[in-house]
Amino acid sequence: MQCMIPSYSRNEDQLYGPTEVNENSETSKESYYFSKPDHRNTAKKKKEKTRWEIKEGQEFHIFKIAEESNTEIPNSRWYCEKNKCLFSIHDNGKTILGKGSERLAKFPEPINTNDNWHGYPVKGKESQNLPSEKLLDVWKKEDVITETTKKRIETKRL
Amino acid sequence: MNSLQIRINQSFLDCFHYMERLFLITRNNELKYINLETLFKKYISTGEEHIDTVLYSLFVDNKNIRNISEYQLLSVWDEYCEKPFDISISENDLSLVVDLGELTILDFIMYGKKALFGCREGVFEIDVNFGISLFGFGSTLSNRKTSKIFDSKTIRMTPRLGEILVNTNSDGLFRGSFWQKQNHSIKVYEKPIVEKSLKSSWLNNDILNYTDDTSFDILHNKVKKISNEQRGLVNFKEEDGEYQALRVEKMAEESIHFDDSVNTNVNFDNVIYSFNSLRNLFSIYDDGKMSSLSLKDREYTGKPFYFKEKLDVKSQGFPLSSHVVAQGTIVEFFDSVTCIKDHKVFDLYKGESLQIKTYPNSRNYQRLVSILTEDDLSIHCIPPFKIK
Chain A
1 MQCMIPSYSR
11 NEDQLYGPTE
21 VNENSETSKE
31 SYYFSKPDHR
41 NTAKKKKEKT
51 RWEIKEGQEF
61 HIFKIAEESN
71 TEIPNSRWYC
81 EKNKCLFSIH
91 DNGKTILGKG
101 SERLAKFPEP
111 INTNDNWHGY
121 PVKGKESQNL
131 PSEKLLDVWK
141 KEDVITETTK
151 KRIETKRL
Chain B
1 MNSLQIRINQ
11 SFLDCFHYME
21 RLFLITRNNE
31 LKYINLETLF
41 KKYISTGEEH
51 IDTVLYSLFV
61 DNKNIRNISE
71 YQLLSVWDEY
81 CEKPFDISIS
91 ENDLSLVVDL
101 GELTILDFIM
111 YGKKALFGCR
121 EGVFEIDVNF
131 GISLFGFGST
141 LSNRKTSKIF
151 DSKTIRMTPR
161 LGEILVNTNS
171 DGLFRGSFWQ
181 KQNHSIKVYE
191 KPIVEKSLKS
201 SWLNNDILNY
211 TDDTSFDILH
221 NKVKKISNEQ
231 RGLVNFKEED
241 GEYQALRVEK
251 MAEESIHFDD
261 SVNTNVNFDN
271 VIYSFNSLRN
281 LFSIYDDGKM
291 SSLSLKDREY
301 TGKPFYFKEK
311 LDVKSQGFPL
321 SSHVVAQGTI
331 VEFFDSVTCI
341 KDHKVFDLYK
351 GESLQIKTYP
361 NSRNYQRLVS
371 ILTEDDLSIH
381 CIPPFKIK
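Respectively, the protein sequence lines represent chains A and B.
Positions 1 to 158 (the numbering used here) are the ones given, in order, by the first sequence.
Positions 1 to 388 (the numbering used here) are the ones given, in order, by the second sequence.
No lab work stands behind these hints: they were computed from the structure.
Please read all numbers here as calculations on a predicted model, not as lab measurements.
There may be inaccurate statements among the hints.
To be verified - With the Cβ distance kept under 10 Å, some of the chain B side facing chain A (calculated, not the full set):
(1) Ile87
(2) Gly118
(3) Arg120
(4) Ile155
(5) Arg156
(6) Ser170
(7) Lys196
(8) Leu208
(9) Thr211
(10) Asp213
(11) Ile272
(12) Phe318
(13) Phe334
(14) Asp335
(15) Glu352
Think of the CB as a built atom: it goes at the ideal place given N, C-alpha and C, for glycine as much as any other residue.
Could you put together the complete structure from these sequences and hints?
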């Protein structure tokens, strides 16, 4: 599964990025991503901290696909207004992103606009980790997910 | 293959076996049904009476199984377990119950002669208590409308004892009750039973409330016996499984958090998924092992029993959902549906499933598993005998 996700390298500031800017989107801007060690698969297992199954360089790709707008659709980042975060999913949820079999990822919006992003894998089992109806509808419309995956997320199975 | 299968090559949004009918939510968001006898005579019948009797008993009239010899059962099973009945139902055989309009249905159940729809828009109900006229009706049913009984987005409903556990999107668990003095509409109480609930299910007359895939509380209910006259207030059907005249007097009067301090024989650290039937707690471990622990009669300190075969959680990922059938359990993985019965683990379906339904409390449909995908609906019958 992991080999299907492109992998990136850190820059000299130990960050990943920047993401590409969508000229057609007013809100699009360069973003940088920081991989937090406590969410890496080498970190000690803690119930409150999910850990990535994928490689560190692949984390950025999962963030990038959520953050970069579709150039043909304005403001089309995978932003969830309800939970103030980006959600991401890879290959219709087929890719297991986290060591706890998580197939979704959450990137909380930085408090300051110039702060770096970070994220972690989640299961959509609690409302704060559940993409909004609006985002699920966008994902379905843009063929990011199938009807089955949409229903699985919405009924807290994924 | 360890199941008999009817595969309906049409796409539906949801389904439910009830009152000798297969109720279906069509792609146009209409609730329709086909009489199971019609389904059998027109689409399944082999023309050989002894075979048809066995098939009819397995899929429609399970009570009749006891009248069929093991030899007869096994011979039909061996002949048809590798050959699904592939059918397409004619529009003319589907009768309209109600047009569901723009509702986004997330769960659909039938209980107490009502159809209940858990939707993005709340919970809606419709009576299907039409007596004899239901079965020979023409226009009256299609004119019916659903009534909204609850406002919150609802993802799962679990009925028993004239009560419905309503799981909402916003994490709360709510109580819906059939026991109304004024009318036959269900009342869903505004105050949640508990604030946090991922899923919930009945443990005999109590409730297991899961706060995540592996943690749960046992909510003790106080129940009382009622007379048959009092019971008549709710229109239970045989399929509802309400064989005892009981009613919940006080819901969740006591809560017990179930962990290894309650049962020192279970190591919950390695459990990745838990679910339960009316009597047993099932635990799936990170190495694919599965155990069953009897929680009968509020006795929680027993020793778990480990199944011989393992689930393939390494390649399939953690379970997405679980269901119970007569003498077996069903586990949904990302791209398969697996049955565990008599220590054997076998796939019922390879692929992604939109919805899975089982009917463990129904005498007639307790061995059936309905698996909906985006393309078809397959109805599996789990063996009524031990798998060797």
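Have a go at the leucine 208 of chain B hint: is there a Cβ in chain A nearer than 10 Å to its own Cβ?
-> Because about 16 Å separates leucine 208 of chain B from the closest Cβ in chain A, which is outside the 10 Å limit, the hint is violated.
With chain A as the partner, please determine if phenylalanine 318 of chain B meets the hint condition of a C-beta pair closer than 10 Å.
-> holds (4 Å)
Report holds or violated for the interface hint on isoleucine 155 of chain B, using the least CB-CB distance to chain A and a cut-off of 10 Å.
-> holds (5 Å)
How about glycine 118 of chain B: closest beta carbon in chain A under 10 Å, or not?
-> It holds, given that the least Cβ distance between glycine 118 of chain B and chain A is near 9 Å, below 10 Å.
Can the hint on isoleucine 87 of chain B be confirmed by a CB-to-CB distance to chain A that is less than 10 Å?
-> With a minimum Cβ separation of about 22 Å from chain A (threshold 10 Å), the hint on isoleucine 87 of chain B is violated.
Answer holds if the nearest beta-carbon of chain A is closer than 10 Å to that of serine 170 of chain B; otherwise answer violated.
-> Hint holds; serine 170 of chain B Cβ to chain A Cβ min 5 Å, cut 10 Å.
Chain A contact restraint on arginine 120 of chain B - CB to CB distance below 10 Å | holds (6 Å)
Quick one, is the glutamate 352 of chain B hint okay against chain A at 10 Å, beta carbons?
-> holds (5 Å)
Taking the closest Cβ pair, is aspartate 335 of chain B under 10 Å from chain A?
-> holds (8 Å)
Status of the hint placing phenylalanine 334 of chain B at chain A (closest C-beta pair under 10 Å) = At 7 Å from the nearest chain A Cβ, phenylalanine 334 of chain B passes the 10 Å test, so the hint holds.
With a cut-off of 10 Å on the beta carbons, see whether arginine 156 of chain B makes it to chain A.
-> holds (7 Å)
Hint check, lysine 196 of chain B versus chain A [nearest Cβ-Cβ separation less than 10 Å] = Given a least distance of 8 Å, the restraint on lysine 196 of chain B holds.
Checked against the numbered hints above, the structure violates hints 1 and 8; every other hint is satisfied.
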